[in-house]
Amino acid sequence: MSGENPVPLACRVIPLSWLLMMPDTQPMTAQVLLDRHFLEMRARLLDLAAALDRIERGSGSVAEDPRMEQLRAGIRILEQARSDRAEQMQLLFSRTYNAAWRADFRL
Amino acid sequence: MDYIDPHLHMVSRITDDYETLARMGCVAISEPAFWAGFDRGSVDGFRDYFRQLTEVEPRRAASYGIGHYTWLCINAKEAENVQLSREVIAMIPEFLSAANVLGIGEIGLNKNTRNESIVFLEHLQLAVEHQLPILIHTPHLADKYQGTRMILDMLGSDARIDRSRVLVDHVEEHTIGAVLDQGYWAGMTLYPVTKCTPQRAADMIEKFGPERLLANSAGDWGPSKPTAVPDLIFELRQRGHAESLIRKVVYENPLEFFSKSPNFHWTDPRK
Numbered sequence: 022m023s024g025e026n027p028v029p030l031a032c033r034v035i036p037l038s039w040l041l042m043m044p045d046t047q048p049m050t051a052q053v054l055l056d057r058h059f060l061e062m063r064a065r066l067l068d069l070a071a072a073l074d075r076i077e078r079g080s081g082s083v084a085e086d087p088r089m090e091q092l093r094a095g096i097r098i099l100e101q102a103r104s105d106r107a108e109q110m111q112l113l114f115s116r117t118y119n120a121a122w123r124a125d126f127r128l
Numbered sequence: 507m508d509y510i511d512p513h514l515h516m517v518s519r520i521t522d523d524y525e526t527l528a529r530m531g532c533v534a535i536s537e538p539a540f541w542a543g544f545d546r547g548s549v550d551g552f553r554d555y556f557r558q559l560t561e562v563e564p565r566r567a568a569s570y571g572i573g574h575y576t577w578l579c580i581n582a583k584e585a586e587n588v589q590l591s592r593e594v595i596a597m598i599p600e601f602l603s604a605a606n607v608l609g610i611g612e613i614g615l616n617k618n619t620r621n622e623s624i625v626f627l628e629h630l631q632l633a634v635e636h637q638l639p640i641l642i643h644t645p646h647l648a649d650k651y652q653g654t655r656m657i658l659d660m661l662g663s664d665a666r667i668d669r670s671r672v673l674v675d676h677v678e679e680h681t682i683g684a685v686l687d688q689g690y691w692a693g694m695t696l697y698p699v700t701k702c703t704p705q706r707a708a709d710m711i712e713k714f715g716p717e718r719l720l721a722n723s724a725g726d727w728g729p730s731k732p733t734a735v736p737d738l739i740f741e742l743r744q745r746g747h748a749e750s751l752i753r754k755v756v757y758e759n760p761l762e763f764f765s766k767s768p769n770f771h772w773t774d775p776r777k
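Heads up: the protein sequence lines correspond to chains A and B, in order.
Quick note, my numbering runs 21 ahead of the 1-based positions in the first sequence.
Quick note, my numbering runs 506 ahead of the 1-based positions in the second sequence.
For reference, chain B alone in the conformation it holds in the complex:
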């Protein structure tokens, strides 16, 4: 089955992964800007990273017939440095006209601090000014519930935010209900130990239905599995779910959400 992985950090993956993704049916990915595993020292470090996301990765993906889209920001972990964050936010518009930029992301919270919240709000301002969709990272483990509620508070207090253009990612059993109830898209991340298994993601699809629900691997430089979405497809098939339901979650929903971006013009790269 053709599928789209809406959250995959290919800058951290080897070229063989692109080939494997293509063989597994992946036709497109979107790659949010994230923490590289170390704190970058200057705005130029981010400028080079954004060139990689807008110039290098699309070429690497295209050679395997995979469409590559991206989201730009300074991630929540480095957002603790407010001065650097402001320099990066001021620089981001240089890249917003690149053909594969869908919006602002993955912004969010990490340890739910005041500085992270300040930078989150300033990213929201950037997205509103440029009328772009938003992709949001929610914290890990014990911080997830508190951080998700804080993020929903900030989004909900800004009347300019169109909820149908916001994806709140890494939802789990205790956060998915609030995200969907408030009208946002929700992303389930299939990631070992700290996030969600394909089995639990299938449970959430059964409990909440497929509307505004996405599934991703968030494959990156840590222990992760870039082909986790096919694992979810396999689990749903084993449970006897209709192909139409599976296709909605792993293909049609990502296309619908990406279409909220003025930069998104979909043509299956294999056709």
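The shape of chain A in the complex, shown without the other chains:
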């Protein structure tokens, strides 16, 4: 293994070969994509609404369960006009990274 440890800061620069391969990174128009996914997205929203209703009908309360606030925060992410909603949703449901973990583990 090499002794060098290059961190290619520019490795996300799109290479020409990729541009030639993918003249448009998303070949479909927004309209076509909406047509393609509308029923599937509608069904998933219905599933979510029905699951929330089911929880509401259940005995007892989950109002204090922190996962309910996570779900509400997730719904708020859906409402945002941005192109990284999936990444934001993943981070919402992720444990926090502690940069000092090695010191904490004495490693």
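Derived from the structure by calculation, the hints contain no laboratory data.
Heads up, the beta-carbon is just placed ideally off N, CA and C, and yes, glycines get one too.
Among the hints, erroneous ones may be present.
Said to hold, decoys possible - From the structure, some residues in chain A lie toward chain B, with a derived Cβ separation under 7 Å: (1) Pro-48; (2) Gln-52; (3) Ala-107; (4) Gln-111; (5) Ser-115; (6) Arg-116; (7) Trp-122; (8) Leu-128.
What the hints assert, rightly or not - SDA-like, lysine to any residue: derived pairs with alpha carbons at most 25 Å apart: (9) B:Lys-583 to A:Arg-123; (10) B:Lys-713 to A:Pro-48; (11) B:Lys-766 to B:Met-507; (12) B:Lys-754 to B:Glu-525; (13) B:Lys-617 to A:Leu-112; (14) B:Lys-713 to A:Ser-115; (15) B:Lys-617 to A:Ala-124; (16) B:Lys-617 to A:Pro-87; (17) B:Lys-731 to A:Asp-68; (18) B:Lys-583 to A:Tyr-118.
Stated by the list, open to error - Some chain A residues well away from chain B (every beta-carbon gap over 10 Å; in silico): (19) Leu-67; (20) Asp-68; (21) Gly-81; (22) Glu-85; (23) Ala-102.
With chain A held as given, fit chain B onto it using these hints.
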């Protein structure tokens, strides 16, 4: 289209799956050592498992025209037992000259504990000593982000590691950027519920491009689909992507990454 699945646990699958894979265009797989669904009690349990990976599965795959490669380690879940892990790591070199062993894997973290980290670092040492590529498992669900960052910290702090010979697997939307930015290969696992769908994998290819990006099924003993890679091929075709792009992700990239191993000598088993 011919394709290669770089992460598939065939010891957990029936022979009919090999036939189905062959019919779907699979020409080769690589099988990282993993958790069998129970904790093994001794180093001899792993020795038998490694014989299965290096002797039995290659024969089973070959009878369907599929090349079989493997990676050896003690997985992150059993790594909580540091003493057993050290015994297994000491035994692994017995198998490193087997013809189908590509490197060390799938090492990684499960619950991001101190013991798992110790065993991960000792696996890195083994890979460096034997100049072998590394295949890395990242944790599931809520632990993935933290665990991936910890893994990148450990890799990045070892100047002996050649990043072009390391695959960080099971990336998702919140981890793929850091893995690629730091020069490693990234694997997307198409797995029900806990990992990535073919649609989301296609999204990541569109956002990040095909360089150093692999797709796998991680088919195993749990609910999983060993033919998930063809599902990704189908999704990319439906979106209108070029055949050359699809082939790069599902065939050329695995070949390029496997070629980092001194043991890898590719001949299409069907020719």
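Quick rundown of the hints versus the structure:
no.	hint	result
1	Pro-48	holds (4 Å)
2	Gln-52	violated (14 Å)
3	Ala-107	holds (4 Å)
4	Gln-111	holds (4 Å)
5	Ser-115	holds (4 Å)
6	Arg-116	holds (5 Å)
7	Trp-122	holds (6 Å)
8	Leu-128	holds (6 Å)
9	B:Lys-583 to A:Arg-123	holds (20 Å)
10	B:Lys-713 to A:Pro-48	holds (12 Å)
11	B:Lys-766 to B:Met-507	holds (24 Å)
12	B:Lys-754 to B:Glu-525	holds (24 Å)
13	B:Lys-617 to A:Leu-112	holds (17 Å)
14	B:Lys-713 to A:Ser-115	holds (22 Å)
15	B:Lys-617 to A:Ala-124	holds (18 Å)
16	B:Lys-617 to A:Pro-87	holds (21 Å)
17	B:Lys-731 to A:Asp-68	holds (24 Å)
18	B:Lys-583 to A:Tyr-118	holds (20 Å)
19	Leu-67	holds (19 Å)
20	Asp-68	holds (14 Å)
21	Gly-81	holds (24 Å)
22	Glu-85	holds (19 Å)
23	Ala-102	holds (17 Å)
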